[in-house]
Each structure stands twice: as C-alpha cells, then as structure tokens.
Amino acid sequence: MSDLPLIHVDHAVPAPATATPSRGGRGRRLRLLSRTDRVVITLMVLVPLLLVVALVWLPALATVALSGTDWDGIGPISEIDWVGGRNYSDVVNIYPPFVPAMQNNLLWLAALFVVATPFGMFLAVLLDKEIRGSRFYQTALYLPVVLSLALIGFVWQLIYSRDQGLLNAVLGSQTDWYGDPDVNIWAVLVAAGWRHVGYIMLLYLAGLKGVDPSLREAASVDGASETSTFFRVIFPVLRPINIIVLVVTVIESLRAFDLVWVINKGRNGLELISALVTQNVVGEASRIGFGSALATIMLAVSLVFITVYLAVVMRENRR
Amino acid sequence: MSRPRTEAEYLARLVPSSVAGIGRRSLITGVGAGALLGTGLLAGCGSDSGSGSDSKEVSVGSNQSDPKPKAVIAKVMDGFKTSSGITTKINTVDHNTYQENINNYLQGKPDDVFMWFAGYRMRFFAAKGLTGDLSDVWGKLSGYSDAFKKASTGDDGKQYFVPSSYYPWAMFYRKSVWKQHGYQVPTTLDQLTALSAQMKRDGLTPIAFADKDGWPAMGTFDILNLRINGYQFHIDLMAGKEAWTSDKVKKVFDTWAGLLPVHQPDSLGRTWQEAAQSLQQKKSGMYLLGLFVAQQFGNDEQDDIDFFTFPEIDPAIGAKALDAPIDGYMLARKPKAEANAKKLLEYVGSKEAADITVKNDPTTLVANSGADTSGYTALQKKAAELVGSATEIAQFLDRDTRPDFASTVIIPALQQFIKNPKDIDGLVNSIENQKKSIFTS
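Sequence order for the protein chains is A and B. Residues in the first sequence are numbered from 1 upward in steps of one, following our numbering. Residues in the second sequence are numbered from 1001 upward in steps of one, following our numbering.
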C-alpha cells in the first residue's frame, strides 16, 4: 500500500531548516518568508486558533467546570455553589434514564456500523455501475439527508402512528411503534438508518468516482472477479474515504438526537445521552450543573473515539 | 423582513408553523440552544428600540399562541388602549417555547408585562427578584376572592401576579353517549370502577388516556393524591417536605394501578389530542383533562360535553379539592415603562378586561368575580360553579413544584409506572433519592 501516490505527498517537500546550523537556518527562513508572508501566516494560524479556543475549547472547559456545581441558570456566577462530584454520583446511582441512554447510544452505533453503513456502501457500489436511472436513485436515496428535521419527524409520524399510521394499516396490526419502549428504539433506528444510508452512499460514491480506472482494468486483466477486485483493490485504495465513513458513522451515532427529540423528547425507551443533556440544561428545568455532568460524560466517550481516530491518522502520516 | 426587535420576537420567528403543530409541548431544540447563546446579543438589540421612543408603549410577552386566545389578548389590549390611550405591543411566542425559555427570557430584557402561571414557579421567580412587586396594583383591584389573592402572593407576603383566567381539571364525557347507555355520574371510587366495567361490556374504552408528552399523567396523579391524601399533603409533597416512599404515596400508585386496566392502553405513544378525539368519536367513555379538552370538539358538539369532578375515595378527605391552574400577568424586574405597565396590569385585572374575555373565549373562565358571566356557555357555568365550590385549589403538579423535579424526575417516573405498574417500591425509592438530591441543592 505504501506505493500509492496519495500517501507520498507529505514527504515530497523535506523540511528545509533541520540540517543547517542554527544561525544560518534562521537567516534563511527570513529570506524565504517576506513580511507579508509572515503576517498572512500569523493571521491564518491565529484566527482559526482563536475561533477554536473561543467556540470549542472554552465552552467545553466551562461545561466540565459547571458539572461540579449545582447552578440553576439564574443569578450571577459568583453565587454558584461547588458540589464536587455529586452530580456524577447522582447520574450513575440515582438517575434511571442514564443506563438506558448509554445502552441506546451503543446500540445506535452498532446498528449504524453493522447495518446502515455497509448498506450505504453497497448502494454506492451499485450506483457506480452506471445502471440506468442511477441519477434518480442517487437523488431518491440522498433526499432524506436534505429534508428538514421537522419534516422527517412528520413523515415517520405518519408511518408509525398507532391509531392512524400507515404501517399498522398495512400490516393490520396494533403495534404501538412509538409508545412501546421495547419497540420504539428499533422503529427510530430504521428512521435513522434511512437517513444515514443516503449520507454514506453519497460519500462513498464520490470516493468510487475518483478511483483510477486503470486499476480495475489491471485487475480484470489479471483475471480477478468483481468481488475480489472490490475487496482486494478498490477497498484498500479507498482507505481515506473508509476512514471518513467510519468517523462520520461514529459522530452520527454519538450526536444522534433530533429524531428522538421530535418523537418524545428522548423519554420512555428512547433515552440518548444528548437528549438527557438537553432535557436537563435547556428549558424550564435548568439543571445546568447536572446536565453539564452528563455532557462531560458524553465528551469523555467522544474523546475515546477521537483519540483512536487521531492515533490511526498520525500513524498513517508517519509511515 | 425587518430585524427582530426583541428576543421574544426573534424566538417566535424561529418556530415554523409546521413544527409548532406537532404537539403542545414539543420543543424545537434549535430554538432553545439558540436562545442560550443568543440571549445577551439579542437583548442588546432590544434595548436600542426602547430608548428610541419615549417609553409610553408597554410591551407584553404572551404565550397565548393559539389563534383563539391570541385574538382575545389582542382585544383586551385594544380595550386598554381605548380606556387609557396607552398603546401596547404584544410579542407572542409559541406556548412551549415560551415556557422552556422563561429563565433566559426573564434574565435578559423581558417585556414590561409578561404572561405566566400562579404556583411555585411564580413564587420562585419573585423570590429570585426577577419580577416586580404588584402590591400597590392589588390595592386597586377588586372582585378577587381570597383564594386568588393567595395564589398571587409570593413567599414574602407581597403580590406578584394578576390572575386573568383559569380552568378546572375534571372527568369529561359526552352527554349523548351516557344517555344512550343510561350511565350515572359516579360519586365514589367503587361506583367509578363499576361504571368502567359496564363501559367495557358496552364496548367502550372506559377512560381515555395519553401520556406521550409526559405531563397529562400528572393530572391523574394529582387528583388521586388530592382524593386520597388531601390538599395539604399534595402541597407538602410537592415542596419536598414529605417522603415519596411514604405509605400515603404508595397508596396513590396502588389505587392508580387498580384503575390502569380501565384506562386506554398504549398511552405512552398517544398525544392528549388523540385521546380527546377518541372521546369525541364516542370510542371512550370519559377523560380526565382540563377544560381545554373542548377544543377537540366541533362547535355543534360543545353542548354535548359535560363533566363531573373526580369521585371521592376517602370520605374523611371528600371530593372538594381539584386542580385548576390559573393564568395571569406579571411585571418584569426593570420595566421600561413602569407606570404604564402597572396601569395595564390594573386593567387586565379589572372587570372590563374580564368582560372582553368572557365575550370572546368560551374555553376559559375569568378570575374576576365581578365580571358579567351571563355570556358563559353551560359548560363554563358549571365549571365556574365547580371551582367556586372547591375547598382548595391546586395548580397542577408541574406548577406546584420545582420545574427541574417535575420534568426530569416525575415525567420519566410516571411513564415508568405506566409501563410497569407492579414495581411501586422501586419507583418511589428512585423518586425519593432524586428528590433528596434536587431539593437540597
């Protein structure tokens, strides 16, 4: 795999300053970069850095800090009481929705990873075959991703409603798709998968279109079957896309929120960490401290995946 | 479109009508999150517009977003303009959004006068200093019973609230259905159980029930608690003073568990509107809900709606207490036009304003007893009598206790109970543990 052009790009420009003595190195760098260059580079580093710090790191740190308090969102910051780890022990010990929420988040991840993502990739491979009407299928499959959240909630409400829904009318059943806590998570996963498949399909299709056709030709000259061409040649070549698809899947399942919120605000079988955070922090409840503890737990879980991802990407770059 | 001038106006724009229609309490997160981030910024915009005029105009924050009540508010404000010459500016926000954002709203730049409910939450905001003292306005008001004055009083003994309307919770039914089957109004729990059994035999769902949104079941809990343990226990339980693990609370759940089989099944997937429609379509025999259930009936069917108060369970307690939430107005902490705002509050508490409401809104009752109620429908008259004869009036579970406790503990707990009515001990233990943590903070 190391002979692929994609991966060599980083090594094409060797670091200029490493081999030269320090004084000379400094002078040479000054000559290389004009004043304007330096200003531009400084700005290009500073502006995004400030944005990331102000919009990502500060709120994240504030959340972690607030999770140790019992702030109710009213009154000045000076009046906030520090309660240490009480919120965390409450979350784990006496908050009934927490465990189902963790389970549901993992179930969500598993369902998207095992079913929806492979299916989306499979559809992308099919559409890549230039079958008739592929543009139509492409649009049809991608449509759920474009639709607004409110509309999606409405569409599935029409299908799943116990008394007036399409599904019960067709099947002649009396299943309470949204109300029965043993059933509703699966019903929602179908809806979530419906959306996810389209997203993955489009990402993967874009990757497939970029594969050098000569690779396929070479494989078929060598007598490889369609299946083995895909698994032995195309799939490894698409490694960068595969990683993106993987990351997108993980992100989507961790931040899953909108569908369950539209349905029943993440209660009664549809608990998700993100919904619990919102229930507690946003709205009249204003349990900012408690909600922040939940958010911090979510952050910690996300960090595990982010660390794994960064480790993989960095190892890739070193090679 | 012009730039929104207040946060309320900005929030109102964020709610597409398609979403607002999904359910009474469905909230669009984007709005909530946006409000969290945007409060300071938008509040800044709001203050500019105020300083531009001479602050004659009074701004009013309204949560009456349904077409009918919205028109009534507009008429009341018109009446105020005619009588005083002071103009008002109404900022209407979707009911649920308004309630969800109240904390940020009051801490930002709220409207001079805003609509809210009586109960714990009113006293809480008053104690936090987020609303204005209305004792002097109350000195000029007349036509209010002591019960209403008490409901308008904060923990410090001052008044912070002007009641405008209220509605009782009761068991609603269709006269035609009951006449057809010859049902009699039950006055004891045994009679209610017998009636339910008869309805089942007649092919009806005895009691319509829905709890998808989490709050309707609170009404059932409240009324059983009021009947079994009485009003004072309800207030103490809601204030966190009584233990949820006590036998009194367990008895409430036990009684409820006995009644669950005659309630409409699969209630956790159903909205109150759907349950009310099953009553309207004569599929269900009765339904415990607020007077607003009438909204789900056509105009020609209004005369067919009747109700009875939930029957007695313990003769020592009786059946005289009920939930009758009061809606009304409050004054912002630092109103831009304070004198005019107080004039407005005096007006909305007056007989004239109540008369306008009576004329235009058949689904609510006015709080001012001086109002001309000859325009009431038969249903309204009966509802007013019911509340008038009540010995104690509770506000409703989520208005009588801390909102964080009601929404993050009680809603999931009651849904858990409906799913599994057998494990009452585990349920009350879980509630009590969470209550201790929340009420001590």
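By construction, these hints were calculated from the structure, which means they are not laboratory data. It is possible that some hints are incorrect.
Claimed, not checked - Estimated spans, in silico, between C-beta atoms of each pair: (1) B:Asp1202 with A:Ile251: 52 to 60 Å; (2) A:Pro59 with B:Ala1127: 44 to 52 Å; (3) B:Thr1255 with A:Val99: 47 to 55 Å; (4) B:Ala1127 with A:Trp57: 53 to 61 Å; (5) A:Val155 with B:Thr1255: 47 to 55 Å.
Said to hold, decoys possible - Residues from chain B that face chain A, not an exhaustive set, calculated with beta carbons under 10 Å: (6) Ile1102; (7) Leu1106; (8) Leu1130; (9) Lys1248; (10) Lys1251; (11) Asp1266; (12) Gly1269; (13) Gly1318; (14) Gln1415.
As the structure is a computational prediction, the values presented were derived from the model and not from experiment. The beta carbon of each residue, even a glycine, is placed where N, CA and C say it ideally should be.
Now the hints, each set against the structure:
1. B:Asp1202 with A:Ile251: 52 to 60 Å: holds (55 Å)
2. A:Pro59 with B:Ala1127: 44 to 52 Å: violated (30 Å)
3. B:Thr1255 with A:Val99: 47 to 55 Å: violated (30 Å)
4. B:Ala1127 with A:Trp57: 53 to 61 Å: The hint (53 to 61 Å, Cβ to Cβ) is violated, given that Ala1127 of chain B and Trp57 of chain A are roughly 36 Å apart.
5. A:Val155 with B:Thr1255: 47 to 55 Å: Once the Cβ atoms are compared, 41 Å apart, the range 47 to 55 Å for Thr1255 of chain B and Val155 of chain A is violated.
6. Ile1102: holds (6 Å)
7. Leu1106: holds (8 Å)
8. Leu1130: holds (7 Å)
9. Lys1248: Nearest chain A Cβ about 22 Å off; hint violated.
10. Lys1251: violated (22 Å)
11. Asp1266: With Cβ-Cβ at 4 Å, under 10 Å, it holds.
12. Gly1269: With a closest approach of 2 Å, the Gly1269 of chain B hint holds.
13. Gly1318: Violated, about 33 Å.
14. Gln1415: Holds, because the Cβ-Cβ distance from Gln1415 of chain B to chain A comes to roughly 5 Å (cut-off 10 Å).
Violation of the numbered hints given earlier is confined to hints 2, 3, 4, 5, 9, 10 and 13; the remaining hints are satisfied by the structure.
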